[in-house]
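We have chain A; now place chains B, C and D onto it with these hints.
There are 4 protein chains.
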Amino acid sequence: MVEHREKDSTKLIIEENPDLENPIFIEGLTGIGHIGRTAVSYLIDHKDAKKFGELISDHFPHWAIVNDNKELDILKNELYYLERDEKRDIVLLVGDAQSLDPQGHYEIAHLIVEYLDELGVKDLITIGGYGTGEPIDGEPKVFGVTTSDREKEQYKDLEIDFDHSVGQIIGATGLLLGIGERFDMEGIALLGETPGFLVSDPKATEAVLEKIDGLLELDIDFENLEEKIDESEEIIKKIKQIHDQVKGQKEKPGEKSKSKDLGYIG
Amino acid sequence: MVEHREKDSTKLIIEENPDLENPIFIEGLTGIGHIGRTAVSYLIDHKDAKKFGELISDHFPHWAIVNDNKELDILKNELYYLERDEKRDIVLLVGDAQSLDPQGHYEIAHLIVEYLDELGVKDLITIGGYGTGEPIDGEPKVFGVTTSDREKEQYKDLEIDFDHSVGQIIGATGLLLGIGERFDMEGIALLGETPGFLVSDPKATEAVLEKIDGLLELDIDFENLEEKIDESEEIIKKIKQIHDQVKGQKEKPGEKSKSKDLGYIG
Amino acid sequence: MVEHREKDSTKLIIEENPDLENPIFIEGLTGIGHIGRTAVSYLIDHKDAKKFGELISDHFPHWAIVNDNKELDILKNELYYLERDEKRDIVLLVGDAQSLDPQGHYEIAHLIVEYLDELGVKDLITIGGYGTGEPIDGEPKVFGVTTSDREKEQYKDLEIDFDHSVGQIIGATGLLLGIGERFDMEGIALLGETPGFLVSDPKATEAVLEKIDGLLELDIDFENLEEKIDESEEIIKKIKQIHDQVKGQKEKPGEKSKSKDLGYIG
Amino acid sequence: MVEHREKDSTKLIIEENPDLENPIFIEGLTGIGHIGRTAVSYLIDHKDAKKFGELISDHFPHWAIVNDNKELDILKNELYYLERDEKRDIVLLVGDAQSLDPQGHYEIAHLIVEYLDELGVKDLITIGGYGTGEPIDGEPKVFGVTTSDREKEQYKDLEIDFDHSVGQIIGATGLLLGIGERFDMEGIALLGETPGFLVSDPKATEAVLEKIDGLLELDIDFENLEEKIDESEEIIKKIKQIHDQVKGQKEKPGEKSKSKDLGYIG
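Chains as they are written, first to last, in the numbering used here: chain A, 2 to 267; chain B, 2 to 267; chain C, 2 to 267; chain D, 2 to 267.
Hints were generated in silico from the structure; no laboratory data involved. There could be a bad hint or two in this list.
Pairs count within a copy or across copies, as identical chains cannot be separated in the list.
[Claimed, not checked] No farther apart than 30 Å at their CA atoms in a straight line, the calculated lysine-lysine pairs in the DSSO-like style are these:
(1) K48 / K229
(2) K71 / K153
(3) K229 / K88
(4) K8 / K142
(5) K153 / K77
(6) K153 / K12
(7) K8 / K123
(8) K48 / K12
(9) K51 / K12
(10) K8 / K153
(11) K8 / K77
(12) K48 / K142
Next comes chain A alone, as it looks inside the complex (with noise of 0.2 Å):
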């Protein structure tokens, strides 16, 4: 079974639907420090999460991904699941790429935000990085932004940060939350304290996990985090490499890029 479901230019392809309890939702996308997903990609690899799905969009960026076995993708996002006896379902998004535009970033979280609704999705986690600027003192943060008061009440045993100065949370991260509450969705945006100009962000996965463990219950193990953070960065510098290249060909005679309207966000 194959199933597609469309939102004029993004396509959602489900190859199973699957019968979840209760699920929580939780987000992982690239973004600053890459600490969404870093975590997400860590958790599924970890507790061997189901992949069931997989979402491309005309938004994302207009290149195929080649890996190191000289074989090439679009690029995608990826919905996982992973079902737990006792303890509440969990349905996981990861990917490399986010809308180029404005435009696609409500599109594509429009979409996503219908289909959880349809899975019985109640409770958003989005998870993203706060750019201090600076290097960071010590364990870093993790910044807590919620969709409602109410909700702020069950992370109060987690030492969430809500004393901070986060004043808006850019593409995915923000949006899924926003649009989620016009569904009678709740959630949590959970950003790790991170100085923003390293390509990714041990520390802060790490204080991220940490509150993500705290509230599932998943018992997660921290000792191959580092080996998912190395491979991580691998594909995270890829990504900046061709950024570069491509506005590296600008000044091709008979080329001339987009590369000044490219840009990840979140």
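Chains B, C and D only, in chain A's frame:
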């Protein structure tokens, strides 16, 4: 009852369809000096208008706003109504966002006008600022631009200034009137004279409100206006800060923002 | 009777469907030297052509224009027709706006050609300017570009210059002909030789009108052309002024314009 | 018979639906060194392939091209087929235009792949260039990127170089393969090693054609390739000239071009 009306990538979510008597419409969105937004926001609070709908759009900036209580919401415009005995009912549109791109401006204006048409609205007042580029001497003027000569007649006692050099009106303030004409609506744009370099302009806001008071007999008490303007400045500063932050993120490694393409126009 | 035809985000509002005999189409929109716009506008006034429709588009600039009488309207293109005894009827398109983005150019051209096809139009004349970058010596030439070699035959007595180095035709002047070909229409683009740095070019406009006169036997009286050109210059200056104002607003606090992305192309 | 297939703002106009035996697809659009465009164009002429369709898109540059005979046409991609006895039939895509914006790249690639699926195509070859940024010593290599490891097997006798550092493939050359995978198609991108600063690259073009010859047993006669490359350079220079002209028009009074947003990517 919640009713959805969509137009491509803009959604109007109506919680209640008010039954209004010969209603007149007033628009107040962000723009130069934020005169429209502040004036209509003051009217809503001061007269206790009732919220009945909201508009969200893929053309708005692609981030969620975090308030002082660390709760987030996506950007939106809101619809209010004010029922009055023996006087004309009023529909009000207020909001902190306008489209980031030209197409969105049209799409949103078309959707609003089509809905106003269903509500039986025949008269439109839009509010904006006209930046002179230098400090204003004495009381700021209120410049008027109408959809037709006939329309101008009814404002003759209000000392609206029709002797100006306004050549164009950007965004909703102009488009709502122009598109409204194609639905047999008439109207006026009231533009407060403002230096243009102020974050908000209390004097120009009050000048415009006085004209609306004169026209609609609202018995506006201007005592709390200053307080409202302070509050408005806070929100506007936050929005400006976000723009600067998004702009600043451009230099971060592995990240490229679209900030060059973002802009509040109005 | 008012009939609406839409194509994505462009609307054609037809007030009257004229019943025309073997009609020929002439386009005159803004562009280099505003030759097309001025020539067709003169024809309409001079020959008292009848307006029967207008075209508005989300791809036009997102502002309303204020005229000297302080009345506003949104930007539009207008359709006129001219019925003639014993001679071919004529459909004319005139306007101050073209699309701001490439996609809009195609969308608008497709909608116009599809409607012309319904009207039975088989022949197209589009008018533009070809900027040489230096002052023109003597009478400006009129360069011709046709959809086919066969088409070129019928213009051989008109001294249209086919010995030129025009490599491309931007916007409606080129796209209407190219898309028209796919509806079995043929046609010619008449491009007045112009320095390119003039706001409007009366001599090039007259040169193009003479060719059209020769082709369609319109008995054009050129006496009032100068007056028309003065009037045209006023409007064009206003449009230029608006572009500059929009550009100037970029530096205003809390505001960022999209002016970099705005452009009249044609 | 003329059949239209549309996808949003792209149109595929099919004049004849060929009945092909196990066809293989070859793409050759504009890009670095114009290797794909030149190679496929040579194949079409040399083997007398039959044109059966064309693709036009609102995402292509918004101008018409004027040829040496002073006739114009809009930009397009063309579909050809080659029927062969005892050997696999071939479908070829050639053209001077790719999308100006990321979304268009996806939209066009989706439409092409969906149509190829109807034709029964299961194997794809896309052709591009890989710019090294420096002069090539000796014979240029042909780099390969495949959709899967299994696919790589069948090219092992052709001396295609899989030991390279290509990290991404921009535009149709990459997207057609990636989207094709979702329709159970497999394929290879053949990228000719090129300095990247040449308008066209005859040596790299010949190197790629040799691989295709080896794979499809086309008995290519390379004698007239040089002539074809000269012809190709003429067209490419014209396209480059147009870009420069559009760019140059920015300084003209009353005009602002969108040239910053225009770019051939591929």
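Tested hints:
1. Taking the closest pair of Cα atoms, K48 and K229 come within 30 Å of each other only inside a single copy of the chain (13 Å); across copies the shortest separation is 52 Å, beyond that limit.
2. Taking the shortest Cα distances, K71 and K153 sit within 30 Å of each other only across copies (9 Å), while inside one copy they are farther apart (47 Å).
3. Taking the closest pair of Cα atoms, K229 and K88 come within 30 Å of each other only inside a single copy of the chain (26 Å); across copies the shortest separation is 48 Å, beyond that limit.
4. For a Cα distance limit of 30 Å, the shortest separation of K8 from K142 qualifies neither inside one copy, at 37 Å, nor across copies, at 42 Å.
5. For the homomeric pair K153 and K77, the shortest alpha-carbon distance between copies (23 Å) is at most 30 Å, but the shortest distance inside one copy (32 Å) is not.
6. In this assembly of identical chains, the alpha carbons of K153 and K12 lie at most 30 Å apart only when taken from different copies (29 Å versus 33 Å within one copy).
7. Taking the shortest Cα distances, K8 and K123 sit within 30 Å of each other both inside one copy (22 Å) and across copies (27 Å).
8. For a Cα distance limit of 30 Å, the shortest separation of K48 from K12 inside one copy, 27 Å, qualifies, whereas the shortest one across copies, 39 Å, does not.
9. For a Cα distance limit of 30 Å, the shortest separation of K51 from K12 inside one copy, 20 Å, qualifies, whereas the shortest one across copies, 34 Å, does not.
10. In this assembly of identical chains, K8 and K153 lie within 30 Å of each other by CA distance neither inside one copy nor across copies; the values are 32 Å within and 35 Å between.
11. Proximity of K8 and K77 under a CA criterion of 30 Å is satisfied in both settings, with 15 Å inside one chain copy and 21 Å between copies.
12. In this homomeric assembly, K48 and K142 come within 30 Å of each other (Cα to Cα) only inside a single copy, at 25 Å, whereas the closest approach across copies is 44 Å.
Checked against the numbered hints above, the structure breaks hints 4, 10 and satisfies the rest.
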